[in-house]
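Asks: Read in the working numbering, the sequence shown has 73 at position 71, and its numbers run on one by one without any break.
The set of hints was computed from the structure by calculation and includes no laboratory data. Hints may be right or wrong, so weigh each one.
Stated by the list, open to error - Lysine-lysine pairs mimicking BS3-like chemistry, simulated, CA-CA at most 25 Å apart: (1) K384 with K7; (2) K458 with K384; (3) K458 with K191; (4) K349 with K458; (5) K384 with K191; (6) K55 with K7.
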Amino acid sequence: METRKVSPWIALIPVLFLITTLAVSLRFLGADPHIPLFTSAIFAALIGMFVLKVTWAEIEEGIVDTIKMSMGAIIILMIIGMVIGTWMLSGIVPTMIYYGLQILSPSIFLVATLLMCSIVSLATGSSWTTAGTVGIALMGVGMGLGIPSPMIGGAIISGAYFGDKMSPLSDTTNLAPAMAGATLFEHIKHMIFTTGPSYIISIIFFLFLGMRYSGNVLDLTLINEMNGALEATFTLSPLLLLVPVIVIGIVVMKVPAIPGLFGGAILGGIAAMVVQGSAIGDVVDALHYGFSADTGVGSVDELLSRGGLDSMMWTISLILCAMIFGGVMEKTGMLQALAAEILKIAKTTGLLVVATILTAFGMNIIAGDQYLAIVIPGRMFKDAYAERNLHPKNLSRVLEDSGTLTSPLIPWNTCGAFMIATLGLAPWTYIPYSILNLVNPLVSMFYGFTGITMEKLDKSKA
3 METRKVSPWI ALIPVLFLIT TLAVSLRFLG ADPHIPLFTS AIFAALIGMF
53 VLKVTWAEIE EGIVDTIKMS MGAIIILMII GMVIGTWMLS GIVPTMIYYG
103 LQILSPSIFL VATLLMCSIV SLATGSSWTT AGTVGIALMG VGMGLGIPSP
153 MIGGAIISGA YFGDKMSPLS DTTNLAPAMA GATLFEHIKH MIFTTGPSYI
203 ISIIFFLFLG MRYSGNVLDL TLINEMNGAL EATFTLSPLL LLVPVIVIGI
253 VVMKVPAIPG LFGGAILGGI AAMVVQGSAI GDVVDALHYG FSADTGVGSV
303 DELLSRGGLD SMMWTISLIL CAMIFGGVME KTGMLQALAA EILKIAKTTG
353 LLVVATILTA FGMNIIAGDQ YLAIVIPGRM FKDAYAERNL HPKNLSRVLE
403 DSGTLTSPLI PWNTCGAFMI ATLGLAPWTY IPYSILNLVN PLVSMFYGFT
453 GITMEKLDKS KA
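Given these sequences and hints, build the entire structure.
Replies: This is how it looks when you write it as C-alpha coordinates:
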(Lines of atoms letter the chains of each structure in order from A and count residues from 1; the text may use other names and numbers.)
(Lines give C-alpha, C1' and ligand atoms only; values in the text may rest on other atoms or scores of the structure.)
Protein backbone atom coordinates (compact mmCIF):
# COMPACT_ATOMS: atom_id res chain seq x y z
CA MET A 1 0.00 0.00 0.00
CA GLU A 2 1.25 3.51 -0.82
CA THR A 3 2.55 5.38 2.21
CA ARG A 4 1.05 8.86 2.41
CA LYS A 5 3.01 11.81 3.72
CA VAL A 6 0.60 13.55 6.08
CA SER A 7 1.36 16.72 7.97
CA PRO A 8 1.02 16.20 11.75
CA TRP A 9 -0.87 19.51 11.88
CA ILE A 10 -3.53 18.16 9.52
CA ALA A 11 -3.62 14.90 11.49
CA LEU A 12 -4.19 16.88 14.67
CA ILE A 13 -7.38 18.52 13.36
CA PRO A 14 -9.68 15.45 13.78
CA VAL A 15 -8.20 14.85 17.25
CA LEU A 16 -8.99 18.43 18.29
CA PHE A 17 -12.47 18.06 16.77
CA LEU A 18 -12.96 14.85 18.79
CA ILE A 19 -11.78 16.51 22.01
CA THR A 20 -14.12 19.46 21.46
CA THR A 21 -17.19 17.38 20.63
CA LEU A 22 -16.53 15.04 23.54
CA ALA A 23 -16.10 17.95 25.95
CA VAL A 24 -19.33 19.61 24.81
CA SER A 25 -21.32 16.37 24.79
CA LEU A 26 -20.06 14.97 28.10
CA ARG A 27 -19.92 18.18 30.12
CA PHE A 28 -22.78 20.27 28.76
CA LEU A 29 -25.21 17.91 27.04
CA GLY A 30 -24.86 14.96 29.41
CA ALA A 31 -24.53 12.67 26.40
CA ASP A 32 -22.57 9.46 25.99
CA PRO A 33 -19.35 9.49 23.93
CA HIS A 34 -20.76 7.37 21.08
CA ILE A 35 -22.16 10.13 18.84
CA PRO A 36 -19.14 12.46 19.25
CA LEU A 37 -16.89 9.55 18.28
CA PHE A 38 -18.97 8.66 15.23
CA THR A 39 -19.29 12.29 14.18
CA SER A 40 -15.53 12.76 14.55
CA ALA A 41 -14.97 9.68 12.38
CA ILE A 42 -17.08 11.22 9.61
CA PHE A 43 -15.23 14.53 10.03
CA ALA A 44 -11.88 12.72 9.75
CA ALA A 45 -13.15 10.88 6.66
CA LEU A 46 -14.07 14.19 5.01
CA ILE A 47 -10.56 15.50 5.67
CA GLY A 48 -9.19 12.26 4.25
CA MET A 49 -11.24 12.55 1.06
CA PHE A 50 -11.03 16.29 0.34
CA VAL A 51 -7.63 17.20 1.78
CA LEU A 52 -5.61 14.00 1.59
CA LYS A 53 -7.35 12.66 -1.54
CA VAL A 54 -8.17 9.23 -0.09
CA THR A 55 -11.17 7.53 -1.72
CA TRP A 56 -14.21 6.55 0.30
CA ALA A 57 -13.70 2.93 -0.77
CA GLU A 58 -10.26 2.96 0.86
CA ILE A 59 -11.61 4.58 4.02
CA GLU A 60 -14.44 2.07 4.27
CA GLU A 61 -11.95 -0.76 3.81
CA GLY A 62 -9.88 0.67 6.67
CA ILE A 63 -12.93 0.88 8.92
CA VAL A 64 -13.95 -2.72 8.24
CA ASP A 65 -10.41 -4.02 8.69
CA THR A 66 -10.07 -2.21 12.03
CA ILE A 67 -13.43 -3.48 13.27
CA LYS A 68 -12.40 -7.02 12.34
CA MET A 69 -9.50 -6.72 14.77
CA SER A 70 -11.91 -6.05 17.63
CA MET A 71 -14.42 -8.81 16.84
CA GLY A 72 -12.73 -11.38 19.07
CA ALA A 73 -12.96 -9.01 22.02
CA ILE A 74 -16.59 -8.19 21.18
CA ILE A 75 -17.56 -11.89 21.14
CA ILE A 76 -15.78 -12.38 24.46
CA LEU A 77 -17.62 -9.39 25.94
CA MET A 78 -20.94 -10.90 24.90
CA ILE A 79 -20.00 -14.17 26.59
CA ILE A 80 -18.79 -12.32 29.70
CA GLY A 81 -22.24 -10.79 30.01
CA MET A 82 -23.66 -14.31 29.98
CA VAL A 83 -21.14 -15.47 32.58
CA ILE A 84 -22.04 -12.63 34.94
CA GLY A 85 -25.75 -13.33 34.51
CA THR A 86 -25.55 -17.03 35.43
CA TRP A 87 -22.94 -16.49 38.15
CA MET A 88 -25.31 -14.03 39.82
CA LEU A 89 -28.34 -16.30 39.43
CA SER A 90 -26.45 -19.33 40.75
CA GLY A 91 -25.16 -17.53 43.85
CA ILE A 92 -21.50 -17.80 42.83
CA VAL A 93 -20.81 -14.06 42.99
CA PRO A 94 -23.03 -13.56 46.08
CA THR A 95 -21.02 -16.32 47.81
CA MET A 96 -17.76 -14.54 46.92
CA ILE A 97 -19.11 -11.28 48.32
CA TYR A 98 -20.47 -12.95 51.46
CA TYR A 99 -17.17 -14.57 52.40
CA GLY A 100 -15.27 -11.46 51.37
CA LEU A 101 -17.25 -9.42 53.88
CA GLN A 102 -16.09 -11.76 56.66
CA ILE A 103 -12.52 -10.48 56.51
CA LEU A 104 -13.40 -7.06 58.00
CA SER A 105 -11.54 -6.27 61.21
CA PRO A 106 -11.08 -2.93 63.03
CA SER A 107 -7.32 -3.38 63.14
CA ILE A 108 -6.93 -3.75 59.37
CA PHE A 109 -9.94 -1.90 58.01
CA LEU A 110 -8.14 -0.16 55.12
CA VAL A 111 -6.38 -3.34 54.03
CA ALA A 112 -9.65 -5.25 54.37
CA THR A 113 -11.32 -2.61 52.22
CA LEU A 114 -8.61 -3.03 49.58
CA LEU A 115 -8.97 -6.83 49.63
CA MET A 116 -12.76 -6.83 49.66
CA CYS A 117 -13.07 -4.43 46.75
CA SER A 118 -10.47 -6.53 44.89
CA ILE A 119 -12.55 -9.69 45.43
CA VAL A 120 -15.82 -8.09 44.32
CA SER A 121 -14.20 -6.42 41.31
CA LEU A 122 -12.48 -9.65 40.26
CA ALA A 123 -15.82 -11.44 40.53
CA THR A 124 -17.83 -8.83 38.63
CA GLY A 125 -15.17 -7.33 36.35
CA SER A 126 -16.47 -3.84 37.15
CA SER A 127 -14.80 -1.13 39.21
CA TRP A 128 -17.93 1.02 38.95
CA THR A 129 -20.21 -1.68 40.34
CA THR A 130 -17.75 -2.35 43.16
CA ALA A 131 -17.44 1.31 44.15
CA GLY A 132 -21.17 1.95 43.76
CA THR A 133 -22.23 -0.85 46.10
CA VAL A 134 -19.71 -2.36 48.51
CA GLY A 135 -17.67 0.84 48.23
CA ILE A 136 -20.56 2.97 49.48
CA ALA A 137 -21.08 0.64 52.46
CA LEU A 138 -17.37 0.70 53.30
CA MET A 139 -17.29 4.51 53.12
CA GLY A 140 -20.05 4.64 55.73
CA VAL A 141 -18.37 2.10 58.00
CA GLY A 142 -14.93 3.70 57.69
CA MET A 143 -16.14 7.22 58.35
CA GLY A 144 -17.98 5.91 61.38
CA LEU A 145 -14.58 4.76 62.64
CA GLY A 146 -13.17 8.24 62.16
CA ILE A 147 -11.02 7.31 59.16
CA PRO A 148 -10.74 10.21 56.66
CA SER A 149 -12.82 9.68 53.54
CA PRO A 150 -9.93 10.27 51.08
CA MET A 151 -8.05 7.32 52.64
CA ILE A 152 -11.08 5.05 52.38
CA GLY A 153 -11.71 6.24 48.84
CA GLY A 154 -8.12 5.49 47.87
CA ALA A 155 -8.38 1.95 49.24
CA ILE A 156 -11.71 1.38 47.46
CA ILE A 157 -10.42 2.72 44.13
CA SER A 158 -7.16 0.74 44.39
CA GLY A 159 -9.03 -2.50 45.06
CA ALA A 160 -11.76 -1.82 42.50
CA TYR A 161 -9.25 -1.13 39.74
CA PHE A 162 -7.12 -4.12 40.66
CA GLY A 163 -10.07 -6.35 39.82
CA ASP A 164 -11.11 -4.24 36.85
CA LYS A 165 -7.58 -4.66 35.47
CA MET A 166 -7.04 -8.36 36.24
CA SER A 167 -10.51 -9.89 35.83
CA PRO A 168 -11.24 -11.69 32.54
CA LEU A 169 -14.80 -10.39 33.00
CA SER A 170 -13.65 -6.76 32.59
CA ASP A 171 -14.27 -4.97 29.31
CA THR A 172 -10.96 -3.07 29.44
CA THR A 173 -9.08 -6.31 30.13
CA ASN A 174 -10.51 -7.66 26.89
CA LEU A 175 -10.13 -4.44 24.94
CA ALA A 176 -6.40 -3.89 25.59
CA PRO A 177 -5.15 -7.19 24.09
CA ALA A 178 -7.56 -6.77 21.18
CA MET A 179 -5.92 -3.43 20.35
CA ALA A 180 -2.38 -4.76 20.80
CA GLY A 181 -2.82 -8.10 19.03
CA ALA A 182 -2.38 -10.30 22.12
CA THR A 183 -4.71 -12.93 23.57
CA LEU A 184 -6.78 -12.38 26.69
CA PHE A 185 -5.12 -14.87 29.00
CA GLU A 186 -1.51 -14.18 27.99
CA HIS A 187 -2.33 -10.52 28.60
CA ILE A 188 -3.64 -11.23 32.11
CA LYS A 189 -0.65 -13.40 32.99
CA HIS A 190 1.78 -10.76 31.72
CA MET A 191 0.09 -8.08 33.85
CA ILE A 192 0.95 -10.01 37.00
CA PHE A 193 4.54 -8.76 36.69
CA THR A 194 3.51 -5.11 37.05
CA THR A 195 0.28 -5.42 39.01
CA GLY A 196 1.69 -7.91 41.56
CA PRO A 197 4.44 -5.63 42.97
CA SER A 198 2.09 -2.63 42.80
CA TYR A 199 -0.55 -4.53 44.77
CA ILE A 200 1.96 -5.63 47.42
CA ILE A 201 3.09 -2.02 47.82
CA SER A 202 -0.57 -1.01 48.20
CA ILE A 203 -1.15 -3.62 50.93
CA ILE A 204 1.92 -2.47 52.87
CA PHE A 205 0.89 1.18 52.49
CA PHE A 206 -2.64 0.61 53.82
CA LEU A 207 -1.35 -1.60 56.64
CA PHE A 208 0.84 1.21 57.95
CA LEU A 209 -1.76 3.89 57.25
CA GLY A 210 -4.45 1.99 59.12
CA MET A 211 -2.44 1.28 62.27
CA ARG A 212 -3.53 4.54 63.94
CA TYR A 213 -7.19 3.43 63.74
CA SER A 214 -6.67 -0.11 65.07
CA GLY A 215 -8.22 0.64 68.47
CA ASN A 216 -11.51 1.95 67.12
CA VAL A 217 -14.77 -0.01 67.38
CA LEU A 218 -16.23 -1.28 64.09
CA ASP A 219 -19.94 -0.75 63.44
CA LEU A 220 -21.05 -3.81 61.50
CA THR A 221 -24.64 -2.69 60.91
CA LEU A 222 -24.25 -2.05 57.19
CA ILE A 223 -22.19 -5.17 56.59
CA ASN A 224 -24.58 -7.37 58.58
CA GLU A 225 -27.50 -5.97 56.58
CA MET A 226 -25.82 -6.95 53.33
CA ASN A 227 -24.86 -10.40 54.59
CA GLY A 228 -28.36 -10.97 55.94
CA ALA A 229 -29.87 -10.13 52.57
CA LEU A 230 -27.48 -12.52 50.81
CA GLU A 231 -28.25 -15.35 53.25
CA ALA A 232 -32.01 -14.83 52.90
CA THR A 233 -31.95 -14.78 49.10
CA PHE A 234 -29.39 -17.43 48.14
CA THR A 235 -28.18 -20.82 49.20
CA LEU A 236 -24.59 -19.87 49.98
CA SER A 237 -22.05 -22.66 49.83
CA PRO A 238 -18.28 -22.83 49.43
CA LEU A 239 -18.98 -25.55 46.85
CA LEU A 240 -20.19 -22.84 44.47
CA LEU A 241 -16.63 -21.51 44.39
CA LEU A 242 -15.69 -24.67 42.50
CA VAL A 243 -17.12 -23.12 39.34
CA PRO A 244 -14.63 -20.21 39.19
CA VAL A 245 -11.89 -22.63 40.24
CA ILE A 246 -12.78 -24.89 37.29
CA VAL A 247 -12.79 -21.90 34.93
CA ILE A 248 -9.35 -20.88 36.24
CA GLY A 249 -8.22 -24.45 35.63
CA ILE A 250 -9.50 -24.24 32.08
CA VAL A 251 -7.47 -21.05 31.64
CA VAL A 252 -4.35 -22.75 33.00
CA MET A 253 -4.83 -25.54 30.46
CA LYS A 254 -4.77 -22.83 27.75
CA VAL A 255 -8.25 -23.51 26.42
CA PRO A 256 -9.18 -20.58 24.10
CA ALA A 257 -11.06 -17.78 25.82
CA ILE A 258 -14.35 -18.03 23.89
CA PRO A 259 -15.15 -21.72 24.57
CA GLY A 260 -13.56 -21.53 28.02
CA LEU A 261 -15.63 -18.59 29.21
CA PHE A 262 -18.83 -19.88 27.60
CA GLY A 263 -18.22 -23.12 29.50
CA GLY A 264 -18.11 -20.98 32.65
CA ALA A 265 -21.49 -19.49 31.74
CA ILE A 266 -22.98 -22.95 31.23
CA LEU A 267 -21.52 -24.22 34.52
CA GLY A 268 -23.08 -21.19 36.22
CA GLY A 269 -26.44 -22.10 34.73
CA ILE A 270 -26.13 -25.70 35.91
CA ALA A 271 -25.18 -24.51 39.41
CA ALA A 272 -28.23 -22.21 39.42
CA MET A 273 -30.56 -25.14 38.68
CA VAL A 274 -28.89 -27.54 41.10
CA VAL A 275 -28.13 -25.26 44.07
CA GLN A 276 -30.71 -22.45 43.80
CA GLY A 277 -33.50 -24.49 42.19
CA SER A 278 -33.77 -22.16 39.19
CA ALA A 279 -35.73 -23.26 36.13
CA ILE A 280 -34.01 -23.57 32.77
CA GLY A 281 -36.04 -20.58 31.58
CA ASP A 282 -34.50 -18.51 34.37
CA VAL A 283 -31.04 -19.55 33.19
CA VAL A 284 -31.81 -18.56 29.58
CA ASP A 285 -33.14 -15.18 30.78
CA ALA A 286 -30.01 -14.63 32.87
CA LEU A 287 -27.81 -15.46 29.87
CA HIS A 288 -29.64 -12.96 27.70
CA TYR A 289 -30.95 -10.21 30.00
CA GLY A 290 -28.94 -10.73 33.19
CA PHE A 291 -30.03 -11.25 36.78
CA SER A 292 -32.47 -9.00 38.63
CA ALA A 293 -32.18 -9.18 42.43
CA ASP A 294 -35.02 -8.50 44.85
CA THR A 295 -33.51 -8.89 48.32
CA GLY A 296 -35.22 -5.90 49.91
CA VAL A 297 -31.86 -4.18 50.46
CA GLY A 298 -31.23 -1.53 47.83
CA SER A 299 -27.43 -1.68 47.89
CA VAL A 300 -27.45 -5.47 47.47
CA ASP A 301 -30.02 -5.32 44.67
CA GLU A 302 -27.89 -2.74 42.86
CA LEU A 303 -24.79 -4.90 43.27
CA LEU A 304 -26.35 -8.12 41.99
CA SER A 305 -28.74 -6.85 39.30
CA ARG A 306 -26.48 -7.03 36.28
CA GLY A 307 -25.06 -9.26 33.59
CA GLY A 308 -26.53 -10.81 30.46
CA LEU A 309 -25.62 -10.47 26.80
CA ASP A 310 -27.68 -7.27 26.51
CA SER A 311 -25.70 -5.56 29.26
CA MET A 312 -22.61 -5.45 27.03
CA MET A 313 -24.27 -3.69 24.09
CA TRP A 314 -23.42 -0.16 25.35
CA THR A 315 -19.75 -1.05 25.64
CA ILE A 316 -19.72 -2.94 22.34
CA SER A 317 -21.29 -0.03 20.47
CA LEU A 318 -18.76 2.34 22.03
CA ILE A 319 -15.91 0.06 20.93
CA LEU A 320 -17.32 -0.01 17.39
CA CYS A 321 -17.57 3.79 17.27
CA ALA A 322 -13.99 4.10 18.56
CA MET A 323 -12.78 1.54 16.03
CA ILE A 324 -14.50 3.44 13.20
CA PHE A 325 -12.64 6.60 14.23
CA GLY A 326 -9.39 4.68 14.57
CA GLY A 327 -9.91 2.96 11.22
CA VAL A 328 -10.39 6.29 9.41
CA MET A 329 -7.37 7.84 11.14
CA GLU A 330 -5.19 4.86 10.29
CA LYS A 331 -6.25 4.38 6.66
CA THR A 332 -5.79 8.06 5.85
CA GLY A 333 -2.30 8.04 7.37
CA MET A 334 -3.18 10.60 10.06
CA LEU A 335 -2.67 8.19 12.94
CA GLN A 336 0.79 7.27 11.67
CA ALA A 337 1.68 10.96 11.34
CA LEU A 338 0.80 11.62 14.98
CA ALA A 339 2.60 8.48 16.14
CA ALA A 340 5.71 9.46 14.18
CA GLU A 341 5.91 12.78 16.01
CA ILE A 342 5.60 11.11 19.40
CA LEU A 343 7.99 8.32 18.45
CA LYS A 344 10.70 10.82 17.63
CA ILE A 345 11.46 10.90 21.35
CA ALA A 346 11.12 7.12 21.82
CA LYS A 347 14.69 6.13 20.97
CA THR A 348 14.76 3.21 23.45
CA THR A 349 12.29 0.62 24.73
CA GLY A 350 12.04 2.53 28.00
CA LEU A 351 11.16 5.76 26.22
CA LEU A 352 8.65 3.88 24.05
CA VAL A 353 6.90 2.63 27.20
CA VAL A 354 6.97 6.16 28.65
CA ALA A 355 5.52 7.57 25.41
CA THR A 356 2.72 4.98 25.49
CA ILE A 357 1.90 5.69 29.13
CA LEU A 358 1.92 9.47 28.69
CA THR A 359 -0.23 9.23 25.55
CA ALA A 360 -2.80 7.05 27.34
CA PHE A 361 -2.73 9.38 30.35
CA GLY A 362 -3.12 12.34 28.01
CA MET A 363 -6.14 10.73 26.35
CA ASN A 364 -7.70 10.25 29.78
CA ILE A 365 -7.17 13.98 30.39
CA ILE A 366 -8.25 15.42 27.05
CA ALA A 367 -10.84 12.86 25.88
CA GLY A 368 -12.15 11.94 29.32
CA ASP A 369 -12.74 8.26 28.60
CA GLN A 370 -10.66 5.19 29.45
CA TYR A 371 -11.78 3.29 26.35
CA LEU A 372 -10.27 5.95 24.11
CA ALA A 373 -7.15 5.92 26.30
CA ILE A 374 -6.73 2.26 25.35
CA VAL A 375 -7.95 2.23 21.74
CA ILE A 376 -6.12 5.24 20.33
CA PRO A 377 -2.64 4.59 21.84
CA GLY A 378 -3.09 0.90 21.04
CA ARG A 379 -3.56 1.69 17.36
CA MET A 380 -0.80 4.32 17.39
CA PHE A 381 1.98 2.25 18.95
CA LYS A 382 1.25 -1.28 17.76
CA ASP A 383 3.70 -1.12 14.85
CA ALA A 384 6.40 0.55 16.96
CA TYR A 385 6.39 -2.35 19.44
CA ALA A 386 6.54 -4.85 16.57
CA GLU A 387 9.49 -3.00 15.02
CA ARG A 388 11.37 -3.38 18.31
CA ASN A 389 10.57 -7.12 18.25
CA LEU A 390 8.44 -6.75 21.39
CA HIS A 391 5.61 -9.22 21.98
CA PRO A 392 2.15 -7.58 21.65
CA LYS A 393 1.37 -8.48 25.27
CA ASN A 394 3.93 -5.86 26.32
CA LEU A 395 1.84 -3.17 24.65
CA SER A 396 -1.44 -4.53 26.01
CA ARG A 397 0.03 -4.54 29.53
CA VAL A 398 1.28 -0.95 29.21
CA LEU A 399 -2.13 0.16 27.89
CA GLU A 400 -3.81 -1.14 31.02
CA ASP A 401 -1.04 0.05 33.34
CA SER A 402 -1.79 3.54 32.05
CA GLY A 403 -5.13 3.83 30.25
CA THR A 404 -7.16 1.83 32.77
CA LEU A 405 -5.44 2.79 36.01
CA THR A 406 -5.03 6.54 35.51
CA SER A 407 -8.66 7.10 34.44
CA PRO A 408 -10.12 7.54 37.98
CA LEU A 409 -7.37 10.03 38.88
CA ILE A 410 -8.81 12.64 36.47
CA PRO A 411 -11.87 14.34 38.05
CA TRP A 412 -13.48 15.16 34.67
CA ASN A 413 -12.82 11.72 33.22
CA THR A 414 -15.94 9.55 33.23
CA CYS A 415 -14.25 7.20 35.73
CA GLY A 416 -12.99 9.99 37.99
CA ALA A 417 -16.34 11.77 37.96
CA PHE A 418 -18.12 8.54 38.82
CA MET A 419 -15.83 7.77 41.76
CA ILE A 420 -16.08 11.30 43.15
CA ALA A 421 -19.87 11.41 42.89
CA THR A 422 -20.47 7.83 44.08
CA LEU A 423 -18.11 7.84 47.06
CA GLY A 424 -18.76 11.45 48.05
CA LEU A 425 -15.12 12.46 47.61
CA ALA A 426 -13.72 15.93 47.02
CA PRO A 427 -11.78 16.19 43.75
CA TRP A 428 -8.03 15.54 44.01
CA THR A 429 -8.10 14.67 47.75
CA TYR A 430 -8.22 10.90 47.21
CA ILE A 431 -5.43 10.78 44.61
CA PRO A 432 -2.48 10.46 47.07
CA TYR A 433 -4.17 7.37 48.55
CA SER A 434 -5.01 5.65 45.23
CA ILE A 435 -1.69 3.87 45.55
CA LEU A 436 -2.21 1.07 43.02
CA ASN A 437 -3.21 3.58 40.36
CA LEU A 438 -0.15 5.74 41.05
CA VAL A 439 2.47 3.02 41.45
CA ASN A 440 1.50 0.71 38.59
CA PRO A 441 2.51 3.07 35.72
CA LEU A 442 5.84 3.71 37.48
CA VAL A 443 6.54 -0.03 37.78
CA SER A 444 5.69 -0.37 34.08
CA MET A 445 8.20 2.37 33.21
CA PHE A 446 10.86 0.67 35.37
CA TYR A 447 10.42 -2.58 33.43
CA GLY A 448 10.61 -0.64 30.16
CA PHE A 449 13.98 0.89 31.00
CA THR A 450 15.47 -2.26 32.58
CA GLY A 451 14.02 -4.70 30.04
CA ILE A 452 12.70 -6.92 32.85
CA THR A 453 9.69 -8.99 31.63
CA MET A 454 9.70 -7.13 28.28
CA GLU A 455 9.27 -10.35 26.31
CA LYS A 456 10.49 -10.49 22.73
CA LEU A 457 8.69 -12.06 19.81
CA ASP A 458 9.57 -15.69 19.14
CA LYS A 459 10.84 -15.56 15.56
CA SER A 460 10.74 -19.35 15.31
CA LYS A 461 6.93 -19.19 15.50
CA ALA A 462 6.67 -16.55 12.81
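Asks: Hint by hint, note whether the structure agrees.
Replies: Each hint, compared with the structure:
1. K384 with K7: Since the Cα atoms of K384 and K7 sit roughly 19 Å apart, the hinted pair holds (cutoff 25 Å).
2. K458 with K384: Holds: K458 and K384 sit about 14 Å apart, inside 25 Å.
3. K458 with K191: Given pair K458, K191 holds - Cα atoms ~15 Å apart, limit 25 Å.
4. K349 with K458: Measuring from Cα to Cα gives roughly 17 Å; hence the hint holds.
5. K384 with K191: Since the Cα atoms of K384 and K191 sit roughly 20 Å apart, the hinted pair holds (cutoff 25 Å).
6. K55 with K7: holds, 12 Å
When each numbered hint is compared with the structure, no violation occurs for any of them.
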